[in-house]
Every structure is written in structure tokens, then in C-alpha cells.
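**Q** What follows is the residue order along each chain.
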Amino acid sequence: MTKYDKILIILVVLVSLFGMYLVRERASNYNKKYVEIIIDGTEHSKYILDNTIDKEIEVVTDKGYNIIHIKNGQVLVEESDCNNQLCVRKGVIEEPGEIIVCLPHKVVVQITGSSEDLDSISY
Amino acid sequence: MNKTRNFTFLALLTAFAVLLSLFENIIPLPIAAPGAKLGLPNMIILSSLVVFGFKKSLTINIVRTFLVLIIIGNPISFIYSFFGAVFSIMAMYIVHRYFSNYFSLIGVSIFGALAHNTAQVATASVILENLNILSYLPVMYLISLFTGFFVGYSSNFIVKQLNKVLYKTEWR
Chain B
12 MTKYDKILII LVVLVSLFGM YLVRERASNY NKKYVEIIID GTEHSKYILD NTIDKEIEVV
72 TDKGYNIIHI KNGQVLVEES DCNNQLCVRK GVIEEPGEII VCLPHKVVVQ ITGSSEDLDS
132 ISY
Chain G
114 MNKTRNFTFL ALLTAFAVLL SLFENIIPLP IAAPGAKLGL PNMIILSSLV VFGFKKSLTI
174 NIVRTFLVLI IIGNPISFIY SFFGAVFSIM AMYIVHRYFS NYFSLIGVSI FGALAHNTAQ
234 VATASVILEN LNILSYLPVM YLISLFTGFF VGYSSNFIVK QLNKVLYKTE WR
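Those protein sequences? They're chains B and G, same order as listed.
Numbered per my numbering, the first sequence spans residues 12 to 134.
Numbered per my numbering, the second sequence spans residues 114 to 285.
Read the hints as simulated data drawn from the structure, not as lab findings.
Here the structure is a predicted model, which means the values were calculated and not measured.
All clues stand as given, with none of them false.
Derived contacts from chain G toward chain B, CB cut-off under 8 Å, selection only:
#, residue
1, Ile189
2, Tyr215
3, Phe216
4, Ser217
5, Ile219
6, Gly220
7, Ile223
8, Leu227
9, Ala237
10, Leu241
11, Glu242
12, Ile246
13, Ser248
14, Leu250
15, Val252
Here are the simulated distance ranges between beta carbons:
#, chain 1, residue 1, chain 2, residue 2, range
16, G, Phe191, B, Tyr76, 21 to 29 Å
17, G, Pro188, B, Leu33, 31 to 39 Å
18, G, Met203, B, Glu69, 36 to 44 Å
19, G, Leu125, B, Val71, 40 to 48 Å
For glycine and all other residues, C-beta sits at the position ideal for the given N, C-alpha and C.
Construct the complete structure from the given sequences, taking the supplied hints into account.
**A** Written out as C-alpha cells, the structure reads:
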């Protein structure tokens, strides 16, 4: 291993940590969260995400099904008949910018946020 | 080098690479990210890049992705692995050819892993028309450091043995 290998490794660690920080940072500026379910690039449905909602959505495509559960402000894919089960193993997501992808079914579950601050307050 | 022996050697390496791809397909990974893999076949690709050159290792890699497509029969994952394979081998070639004074095989293989991940995630975001998938990249870069390191480290041994065999019998 040469000196430049070590520099490369350190650089990549720094860049990826910075990238993770950016992803997290972008997520924390929102006060309203939504769950979007996207199938093959087009939006299938959209739900508001907060702690009170408990909802189970079954998404059926011609390739198979995914059961998506929204609960306690978190989203997870509970069950799927896809071959790699990556979407199920991904677990829960709860912050804007986080995303669950089921590649075989072309299903994307993502959390988006919007910062609907009040424009002005009059008393 | 004798043409038939050369051909046989490439076929053998391709078979090894296919085997390793199939093998890593059954190994479950602790993280769930699209296209995250150990990169075991990259050991073969990297060593053949060093020993046989760019064109032959590119051939091995492309034939490997096609054979894995035929065996596993998953056209979507074929698209990812194809782009990943082509981009990673181009990155490794450039680094090995022009910057081998600076980087050892470990560095070369890390570059290959980074290019592989970038290409796969980019392909996924194009296919799913969703740029948010790119948010997987930082995590995958971190992981590819480890896999890239071990692939590069073990490639050292393969290259050594391959060269020994090739020079001993004067096939070159």
C-alpha cells in the first residue's frame, strides 16, 4: 500500500461522511413530512407522515406486491414477494430524503418534506 | 503467446469470474442498498487487467455479465451489473495505466469499486427516474473502501501466481 492509497482512503472517508451529513442536513429543514409511493417513475400515492397515522398500503404491480406500513411516524415495507427482499431488510425510514427501493418491482417509497412556514403573521 | 493457450486461459478466468459472481449472490449482506456487493469477481477482472491488458479483461467482464444473466435470468440486475462492470474496468484501467506510480493495486481496486457503485446507483436513478436514490452513494462509498481494499489485496497474490505460471512456461 502506497502513501497515495492511504490519502485516497482518507479522502473517500471524508467525502462520504460529508455526503451523509448533507443528506441528513437537507432532511432536517422540514416541518411537514410526506410519504410518496412511486411506481415506475410515476407517483402512485402520497400520504402525510406524522405520529398519529397507522396505515397499511398494499401496492400491486404486474411484477408482484409490496405491503407498506406507515406507523408512529415511520415507514417500512413489511412484506414483498420480490426476489432479493432488499426493501424488507432496509427496515424503517422516518426522515425526509430517506428512501426504500424495490428494484425488481420498480417501486420506490420515499419521504419528502416541505417547509411551509408562515409568510407573515398579523396580530 | 500461443493462441489456443491464451484462449483457454481467458475462458478459465471467465469461468472463475462467473463462479464468484454466483457465489457472492448467495452471500447475504448486512446492509440493504441496491447493487451493494462484495465485488469478488473484481479480483479476477483486476488481475487479468494487470496481466493480460485492458481489452481482454473487458471481454472477460462483459462475457461474465452475459453469462450471469443467462444463469440467474434477471434482466434488471443485468443492466446494473453491465454498466457497473464497464465503468469500473475503465476507471481501473485509467488509474493502473497512468497513475500506477502512485497507487498500488489496492488503490486501483478502490477506484474500481467507487466507479462501480457510482455507475450502478446512477443507472438505478435513471431507470426509476428518481434522483433521491443518489443519497445511497455516501454509504456505499464507505463500504466500497472495505471491499475495494480486500479485493486489491488479494489481487496482488493472484497476479503474482499468474505471472509465475505464465513466465515459467514461457507463454508470453
